[in-house]
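Peer 1: Keeping their order, the protein sequence lines are chains A and V.
Quick note: the first sequence uses our numbering, first residue 1, plus one each step.
Quick note: the second sequence uses our numbering, first residue 1, plus one each step.
For the record, the hints were derived by calculation from the structure and aren't laboratory data.
Watch out, some of these pointers could steer you wrong.
[Claimed, not checked] 30 Å max Cα-Cα, derived DSSO-like pairs, lysine-lysine:
| no. | chain 1 | residue 1 | chain 2 | residue 2 |
| --- | --- | --- | --- | --- |
| 1 | A | 40 | A | 56 |
| 2 | A | 41 | A | 56 |
| 3 | A | 3 | A | 41 |
| 4 | A | 37 | V | 11 |
| 5 | A | 3 | A | 40 |
| 6 | V | 57 | A | 67 |
| 7 | V | 57 | A | 40 |
| 8 | A | 68 | A | 56 |
| 9 | V | 11 | A | 40 |
| 10 | A | 57 | A | 67 |
| 11 | V | 70 | A | 41 |
| 12 | V | 53 | A | 41 |
| 13 | A | 41 | V | 57 |
| 14 | A | 68 | A | 40 |
| 15 | V | 70 | V | 11 |
| 16 | V | 57 | A | 37 |
| 17 | V | 11 | A | 41 |
| 18 | A | 56 | A | 3 |
| 19 | V | 57 | A | 3 |
| 20 | A | 3 | A | 57 |
| 21 | A | 56 | A | 67 |
| 22 | V | 53 | V | 70 |
This one's a predicted model, so the numbers in the text were calculated from it and none came from an experiment.
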Amino acid sequence: EDKVVQSPLSLVVHEGDTVTLNCSYEVTNFRSLLWYKQEKKAPTFLFMLTSSGIEKKSGRLSSILDKKELFSILNITATQTGDSAVYLCAVTQAMEYGNKLVFGAGTILRVKS
Amino acid sequence: DAGITQSPRHKVTETGTPVTLRCHQTENHRYMYWYRQDPGHGLRLIHYSYGVKDTDKGEVSDGYSVSRSKTEDFLLTLESATSSQTSVYFCAISESPWRGSNQPQHFGDGTRLSIL
Numbered sequence: 001e002d003k004v005v006q007s008p009l010s011l012v013v014h015e016g017d018t019v020t021l022n023c024s025y026e027v028t029n030f031r032s033l034l035w036y037k038q039e040k041k042a043p044t045f046l047f048m049l050t051s052s053g054i055e056k057k058s059g060r061l062s063s064i065l066d067k068k069e070l071f072s073i074l075n076i077t078a079t080q081t082g083d084s085a086v087y088l089c090a091v092t093q094a095m096e097y098g099n100k101l102v103f104g105a106g107t108i109l110r111v112k113s
Numbered sequence: 001d002a003g004i005t006q007s008p009r010h011k012v013t014e015t016g017t018p019v020t021l022r023c024h025q026t027e028n029h030r031y032m033y034w035y036r037q038d039p040g041h042g043l044r045l046i047h048y049s050y051g052v053k054d055t056d057k058g059e060v061s062d063g064y065s066v067s068r069s070k071t072e073d074f075l076l077t078l079e080s081a082t083s084s085q086t087s088v089y090f091c092a093i094s095e096s097p098w099r100g101s102n103q104p105q106h107f108g109d110g111t112r113l114s115i116l
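Could you build all of it, start to finish, from the sequences and the hints given here?
Peer 2: Structure follows, in structure tokens:
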């Protein structure tokens with residue numbers, strides 16, 4: 001059965017801390033791994049990773065993929081209260097007529113001021 | 001932000017009634033998707049469309065049907081709603097893969113559906 005597992009389920013940190021969110025996967029027909037941030041409404045796209053060992057960065061956020069060990073991490077440095085959200089990991093799985101996303105349950109991050 | 005509009009944004013209805021949710025996009029993307037989000041399950045794919053009149057099932061398609069008569073609109077119908085279909089429903093769109101590259105999916109703001 002295809003699955004994506006995120007850890008921890010939730011965490012609380014103080015502003016300025018660095019956090020690491022984990023995502024492991026077992027998904028057939030893997031195409032890519034994506035990270036999304038979800039506040040109150042729509043998940044918003046953060047990163048797409050297709051190759052092992054190549055870090056993607058956007059400001060204080062960065063992510064890397066290990067296709068041999070089947071996991072990815074999302075790092076957030078110098079956290080701010082605006083980083084509080086649910087972070088979703090998803091794997092793109094090839095289907096007959098396109099791609100499908102297999103999601104993890106998410107990590108709830110709360111940043112305290 | 002991707003031009004995706006979901007309607008209605010909230011709906012409360014009774015068991016056994018039909019319900020239709022609408023997703024409208026202004027991006028002219030080929031692919032459209034319907035997901036449901038439930039606590040502890042993340043988002044799960046219900047149905048998707050790879051073109052006008054072309055649709056296929058996802059992992060939780062039982063009890064749902066879809067239609068796509070125009071590129072910009074993708075409808076999700078619950079023929080006879082049940083309490084287990086209470087959920088938040090998200091529509092997503094993506095471009096066609098280009099030269100084998102992947103394209104991320106972008107999401108609408110969701111419809112909160114409660115079935116009593």
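Peer 1: For this structure, which hints from the list above don't hold up?
Peer 2: Number 14 - this is the single hint that the structure violates.
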